[in-house]
Structure formats: structure tokens, C-alpha cells
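Per mature numbering (1 follows the signal peptide of the UniProt record, and there is no 0): the sequence shown = residues -24 to -1, 1 to 518.
Read the hints as simulated data drawn from the structure, not as lab findings. There could be a bad hint or two in this list.
With a straight-line cut-off of 30 Å between C-alpha atoms, the simulated DSS-like cross-links for lysine-lysine are [to be verified]:
| # | residue 1 | residue 2 |
| --- | --- | --- |
| 1 | K95 | K502 |
| 2 | K260 | K151 |
| 3 | K95 | K324 |
| 4 | K186 | K22 |
| 5 | K161 | K151 |
| 6 | K211 | K276 |
| 7 | K502 | K363 |
| 8 | K427 | K260 |
| 9 | K339 | K324 |
| 10 | K147 | K339 |
| 11 | K22 | K151 |
| 12 | K339 | K161 |
| 13 | K211 | K260 |
| 14 | K22 | K260 |
| 15 | K427 | K339 |
| 16 | K22 | K147 |
| 17 | K211 | K22 |
| 18 | K260 | K339 |
| 19 | K260 | K161 |
| 20 | K276 | K186 |
| 21 | K95 | K363 |
Have a look at the derived ranges for each label pair, beta carbon to beta carbon [said to hold, decoys possible]:
| # | residue 1 | residue 2 | range |
| --- | --- | --- | --- |
| 22 | P430 | N272 | 55 to 63 Å |
| 23 | P460 | K363 | 24 to 32 Å |
| 24 | R309 | D167 | 22 to 30 Å |
Each residue gets a CB set at the ideal place from its N, CA and C atoms; glycine is no exception.
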Amino acid sequence: MAGGNAGAAARLFLAALLAVLVAGDDPYRFFTWTVTYGDIYPLGVKQQGILINNQFPGPQIEAVTNDNLIINVHNNLTEPFLLSWSGLQQRRNSFEDGVAGTTCPIPPGANFTYILQAKDQIGTYYYFPSLAFHKAAGGFGGIRVLSRPQIPVPFPPPAADYTVLIGDWYKGNHKDLRNVLDSGKMLGFPDGLLINGRSNGYTFTVQPGKTYRFRITNVGLANSLNIRFQGHTMKLVEVEGSHTMQSTYSSLDVHLGQSYSVLVTADQPGFDYAIVVSTRFTSKIISSTAVMRYANSAGKAPGPLPGGPTIQIDWSLNQARSIRWNLTASGPRPNPQGSYHYGLVPVKRTITLANSAGIINGKQRYAVNRVSYVNPDTPLKLADYYKIPGVFNVGSISDNPSSGGAYLQTSVMGANYRDYVEIVFQNDENEVQSWHIDGYAFWVVGMDGGKWSPASRQGYNLRDGVSRYTVQVYPNSWTAIYMPLDNVGMWNVRSEHWARQYLGQQFYLRVWTPSTSWRDEFPIPKNALLCGRAAGRRTRPL
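Work out the full structure, taking the sequences as your base and the hints as a guide.
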């Protein structure tokens, strides 16, 4: 919708929506966001950033399990724009996923209303711009989904709930960075690290003796990060929607795209304590600090800043293995998280995904099972819905890696609704990888160095492996997950290293059923933007 009638049209659309949505009595939360360029100074020099409602980072989304989120986004940039919702599952509704393979971008000067639901979810997530390397300019923000009041949470209510968005950052304009990638070159090492949009000095105030929840998300572009609190420990309580066993850590690795909740108790003398974030697995170490300020602070805390791990892979691997699912805690429902025995379900299919770097047509590209993804002229989900030929072929990426060089292809893997699959991420490169699957949570059952083989299953954790949305794979190592294909749609499987994703390390998983029931998948939204070869088609009403 664009022009002077946009507001009236939006109100009519929302009124109709509220009358017919099948979500019953679940509450609605309405957001109106305006996306603009604006001057920001995250590393002390002026940059052109992407702001939402004049904020960098963008506004926090607060919700409760099963809330309906109606987010009207006005694009005042000079480029098409899309927002995606990392970890916020779109049950039966990949049309709203907000990535190039599912959703047409919002044209400059136009708006689009996302219709989302935090269906059967709790936890810590984030949103981000998914097109045109916009993520390097901002446009991201935190999402927190709280448990319903009647559902017990396995720890006392914290005194406050803080969002901590950490990530690496470049001083360059996102268009210049994009041009570097388009020319076939790499970006080089980031210029600094940010904590909530600032390189230093962001302050969290605490009261002595109180306990606080810090929701930590790595929204960066290229690097795993480590976080620690000077003079304090962190008690891990939640990972991307799953309550965990409450292990205590002095420092925590947070890989690209991952989210963690920790409890920190203000049990030290009253000072200003540093929250230190630094890069991992890099020969050059950069860091940034925020401040945890006691209300009765006498000034800067004495002593050195806490040091963290640098390139130690075994340390990080052991920490990752120590993160376990809390089987007795309730999730979004009152039943225990461990009531679903994921390790007892027969696996119907094993998929092995190997990442690689290669030169194609003289330019740097990245691939999955040799295929370097290229965006088609029409979103895959629209082409599938309208049965438009020639946009993609199901099976254009193999279940297993093979020898040979990488090549360009719009890669789509087919899968059957309700199958139960094992996915092995095989990383034969010398840098850590981070993988995300839209629309799904999965159980991390194993990770180790070397090559995966069927014998590796003997070491799987089939009892209390954590359920999450994003998982790391260490250099020259593998990670295995179990995943029920319980969400029909076209879903993006991608690297969270954003240059690698931009240059082809992604594909789409088409989870299909012959059923046309709304019980299995919602129809195309009435307000869906149509572009490419789908332009001019008609949508049917919700």
C-alpha cells in the first residue's frame, strides 16, 4: 500500500483481519515502524545507518506466548527492504518469513503489514533486515517472548530484564561493503564491536543483592564473540526458547545469530563493573565494554578487566556440550520440556551439508554441497504457490556433498511433511561456521572434530540435548541435529556469517504435503506483495 490512502487501507485491512483470523482469543500487539536512513556514530565516526522509528538498534518487541504481532513497516529508504524474524517461528506461514525466497521486498515509499504469531514459543530472539547487506547498517532489534502467567518458570522473577545485542561492525557504508562483495572480494576484518549500538559505555544499572536477566544475542556479521561480567558469574537459564540446566559460567561463547539468557546477581561491592565482549578464533583480538553500574557505585571497580578465551576450540566445544535441556521445566505449555522424547523417534532421512569456499567466474563465492545459491526473479514461495514454472527445481541440491567445484544454482531441497530427519553439518574449512534454519527448532545431538560417520551416532546425546534454532560447527568438525519436519512451507537454511550467506551459502528446504487444509498451511495473505513473475496475480482472502 502506498500513497495518501495507505493509512485508510491499512485500517480496513486490519479490521477485516481481526474479524477472520483463526487465532481465537489470543491477544494482539500492534506496531507501526518507519524505516529511514540516519546518521549514527557507533565507532566514533559518522555513518549512514538504518533506523527504525529513529532508533539504532531498533525497537524491542515484547510479547507473550501465542500473542499475535501486527507489525506495519513503512519503507522510507531508497531501496527495497525486508525484515526477517530469527527464531520466531512462522507456524504454517512461510509467506511472512521475510527473506528473499518467500516474501517480496517492500518497495521504497511503500508499506507492508507483517502478521505473525509467537505460537507455542517462549524465549529470546531478534529481527534483522535480510536484503542487500542492510544488516551492516542496522535495522535489527531484540524480541523477547515471555511465558504466560499460569506457566511456571524455573527461576524467580528477575529484578529487571535486559537485552544485550552484541556484534562486530564495519565503519564502511553498507552499499560500499555490498559492492566489495559483488566485485568478488572479501571485506576484511571488522573495525570494532558494538554492545547495543555502542562501542563502549552502554550502562545497565543494578541494585545491590538483586538478580538480573541479561538476554544476549550476537547480531554481528562475521565473528563468534565471548562475553564476561567483571567480578561476576553468569547462570545460564535459556537458549533460543528452551530452558536449560542452570550451569554457571565465567565467560560464554555466543556464535553468530545465537541467543542466550543468563542470570547475574549483583553480589559484589558497589562499583562500576565492566561487561567485556571480544572476538573468538581470530588472530587479531578486538573487544568492547559496557558497564554494570551498582546504584550505590563508588566508581570504577578495581582490578584488571576479565580476560577471555581467544583461539581455543576445545574450550568452546566443551562449553557447548555442557549446555543441556532442562527436562523438568515447562516450556510454553505446562508439560515438561522433556515430555517429547526426541531421541526415541526413528530417523527417516539423513542429510549431510558441507560448506565450502570457491571461485566462480573469477569471483569469491560460498556453497553448500557444491551449490552456491542465487536469488531468482520471483520468490520461491510465490512461484510454488502459483505453480510458475522455470523459477526453481526441487532437488537442485543433493542430500550429500560430492567432489568437484562449486556452481551457481537456485537450490531447493524437497522434504516430506512430518518426516523426522537427521542433519549433519560437516565443516572442512578452518573457520567456525554458524547455521540457522528458519521455521524450525531442532535438537543438537552431537558435535566433534574430524569427519562425521555413522559410528559418530554412538556419542549422540539422545536425552537432554538442547533445542534451538542456530548452531555452530567448529573448524574441521561436524555438528549433528535431529529435526521433526512439522512446519509446511519454504524455509531458508543459511550461514549466519553474513558475507557467506550473501555470496551463496544458503538454500531453501521445501517441506511439502499434498493437503490444502489450513490446518497444515495458511493460504497466501490477502495483503501479500506480489513481484517478479507473480506480479498481477490475485491473492485469495484469509
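Hint check results:
1. Of the pairs offered as hints, the one joining K95 and K502 holds, with about 21 Å between alpha carbons and a cut-off of 30 Å not exceeded.
2. The straight-line distance between the Cα atoms of K260 and K151 is roughly 26 Å, inside the 30 Å bound, and the hint therefore holds.
3. Of the supplied pair hints, the one linking K95 and K324 holds, its CA atoms being roughly 26 Å apart against a limit of 30 Å.
4. Straight-line distance between C-alpha atoms of K186 and K22 comes to about 38 Å, which puts the hinted pair past the 30 Å bound.
5. For the proposed pair K161 and K151, the alpha carbon gap of about 14 Å is at most 30 Å, so the pair holds.
6. At roughly 24 Å between alpha-carbon atoms, K211 and K276 fall within 30 Å of each other, so this suggested pair holds.
7. Of the supplied pair hints, the one linking K502 and K363 holds, its CA atoms being roughly 18 Å apart against a limit of 30 Å.
8. The suggested pairing of K427 with K260 holds, with an alpha-carbon distance near 28 Å, which does not exceed 30 Å.
9. Between K339 and K324 the alpha-carbon distance is near 38 Å, which puts this suggested pair outside the 30 Å criterion.
10. Restraint check: the Cα-Cα separation between K147 and K339 comes to about 24 Å, which is no more than 30 Å; the hinted pair holds.
11. Restraint check: the Cα-Cα separation between K22 and K151 comes to about 15 Å, which is no more than 30 Å; the hinted pair holds.
12. Distance check on the hinted pair: K339 and K161 sit about 7 Å apart at the alpha-carbon level, within 30 Å; holds.
13. The hinted pair formed by K211 and K260 meets the criterion: a straight-line CA distance of about 29 Å does not exceed 30 Å.
14. Between K22 and K260 the alpha-carbon distance is near 25 Å, which keeps this suggested pair within the 30 Å criterion.
15. Annotation: proposed proximity of K427 to K339 holds, straight-line Cα distance about 28 Å (limit 30 Å).
16. Taken as a hint, the K22 and K147 pair is honoured in the structure, with Cα atoms around 9 Å apart against an allowance of 30 Å.
17. Among the hinted pairs, K211 with K22 is inconsistent with the structure: their alpha-carbon atoms are about 37 Å apart, more than 30 Å.
18. Of the supplied pair hints, the one linking K260 and K339 holds, its CA atoms being roughly 26 Å apart against a limit of 30 Å.
19. Between the alpha carbons of K260 and K161 the distance comes to roughly 20 Å, so the proposed pair stays at or under 30 Å and holds.
20. Proximity of K276 to K186 is assessed by CA-CA distance (about 20 Å); at most 30 Å being required, the pair is judged to hold.
21. A distance of roughly 29 Å separates the Cα atoms of K95 and K363; the hinted pair therefore holds under the 30 Å criterion.
22. The hinted window of 55 to 63 Å between P430 and N272 holds, with their beta carbons roughly 59 Å apart.
23. Checked against the given bound of 24 to 32 Å, the beta carbons of P460 and K363, roughly 27 Å apart, stay inside it.
24. In this structure the supplied range 22 to 30 Å is violated for R309 paired with D167, their Cβ-Cβ distance being about 45 Å.
Hint violations for this structure: numbers 4, 9, 17 and 24, all remaining hints satisfied.
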